[in-house]
Amino acid sequence: ADTPQKKRGKKMTQGNRLHVQGVFLGYRRSNANQYENTALIKVDGVRSREDTPFYMGKRVAYVYKAKSKKNGSKVRVIWGRLVAAHGNSGTFRARFRNNLPPKAMGSQVRVMLYPSRV
Amino acid sequence: RAGRVERSGAVQNRSGQQLQCRESRSVVKKDKMSSRNPMLIKGVRTYGRSKAYSRKQQWKHEKKEGPKKKERTPKTSVLRQRYVPAERVPKRLKSNLTIKKRKTVLKKGIQPGSVLIVLSGRFMGSRVVFLKQLDSGLLLVTGPYKVNGVPIRRINQAYVIATSTTVDISGVKIPEHIDDKYFARVKNAKEGEEGFFSNQEKINPEWLAKRKEDQKAVDTGIVAAIEKVELLDTYLKTKFTLKNGQAPHAMKF
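Residue numbers (the working numbering), protein chains in the order written: chain A, 1 to 118; chain B, 1001 to 1253.
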């Protein structure tokens, strides 16, 4: 590929991000109760409810590292899907195969671009 | 149906018969005779089969037996007819009885020659050329191989974004033998344990040669079409990525 060269001579590598970054805000909740089966995700760049339909059904991955190796890797994933919009400001509700651990609150979540309807 | 009874007049039923009506009472009278065998509760009549038979005098109305038909097996005994299963077995909907397999509907933007962005898998981010839809519903795509290293491959349309860019592949003929079976996994010639422990990584050279041949057959026409358009080859070489500040919902592909 024709990659642009920086002045210093360092080759600029092509990024390979095919997901949108998101943050796990917390679980779906009322004031005093929380329902851990549904997570609230804030997706980068989505600020209103009108922008949410594109991401509906998209798969979400919470990627984290652990000490022990499983399947040859220390990196682990919990998969889920964006299930619904939450409120008017572009937040999403997501359901994961296994509920997200509370330590994941505030950490990044990857919103993939598939299953694609475009 | 006669409703509220008028004091003065007589009431007629549908067949024109005058009915005796009680005055000063609203009586809903049925035109027909009330049932001779009323329901006690749902499903249970006052008189059982034999009683109802004699009350209805069914012996009068019974058909005379015609010439004897072929003798049936005991399956059609009286007991059998009265069989009611203990658990209700749901009957399959007629629409489900014959499941017609329809081909997956292609997404709107996918035409032969469309450039697609692969979203997942080994060639994540690659821009590939769509050739045709196979019988299984999967899409047949190619890099082309010389351009970006993607061979002829199958991909599910859910894992692909269709762009508005197209390559003119009207002159390209895709070999007929490239179908779903072509992409089936090659089974190891050695069976059993021997096959399991043998070097499975080895690719059959014959199989590989054929693949290369097919790749060439498909790609030459496509590469020629690509080279006619300015920057199209560079475009196909470049991988799609998201950068900071880019939001796919706002993008036009």
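Treat the hints with caution; some may be incorrect.
Stated by the list, open to error - No more than 20 Å apart at the CA atoms, straight line, and that leaves these computed lysine to aspartate or glutamate pairs for EDC-like:
no.	chain 1	residue 1	chain 2	residue 2
1	B	Lys-1243	A	Asp-51
2	B	Lys-1181	B	Glu-1230
3	B	Lys-1252	A	Asp-51
4	B	Lys-1132	B	Asp-1179
Claimed, not checked - A few chain A positions that, by computed beta-carbon distances, are all more than 12 Å from chain B:
no.	residue
5	Arg-17
6	Tyr-27
7	Ala-66
8	Ser-73
9	Ala-84
It is worth saying that the hints were derived from the structure and are not from the lab.
Every residue gets a Cβ at the ideal spot worked out from N, C-alpha and C, and that includes glycine.
Note to self: Please verify that the nearest CB of chain B lies beyond 12 Å from A:Ala-84's CB.
What the structure shows: About 16 Å separates A:Ala-84 from the closest Cβ of chain B, which puts it past 12 Å; holds.
Note to self: Please verify whether B:Lys-1181 and B:Glu-1230 have alpha carbons no more than 20 Å apart.
What the structure shows: violated (36 Å)
Check: A:Tyr-27: least C-beta distance to chain B exceeds 12 Å?
Finding: holds (25 Å)
Notebook entry, point to check: A:Ser-73: least C-beta distance to chain B exceeds 12 Å?
Noted result: holds (17 Å)
Note to self: Using Cβ atoms and 12 Å as the threshold, tell me whether A:Ala-66 really stays out of contact range of chain B.
What the structure shows: Holds, because the least Cβ-Cβ distance between A:Ala-66 and chain B comes to about 23 Å, which exceeds 12 Å.
Checklist line | B:Lys-1132 paired with B:Asp-1179 [C-alpha distance capped at 20 Å] | finding: holds (10 Å)
Check: Taking only the CA atoms, is the gap from B:Lys-1252 to A:Asp-51 under or equal to 20 Å?
Finding: holds (14 Å)
Notebook entry, point to check: Between B:Lys-1243 and A:Asp-51, does the CA-CA distance stay at or below 20 Å?
Noted result: Judged against 20 Å, a Cα distance of about 18 Å means the pair holds.
Check: Taking the minimum C-beta separation from A:Arg-17 to chain B, is that value above 12 Å?
Finding: violated (5 Å)
The structure is inconsistent with the numbered hints 2, 5, although it conforms to all the rest.
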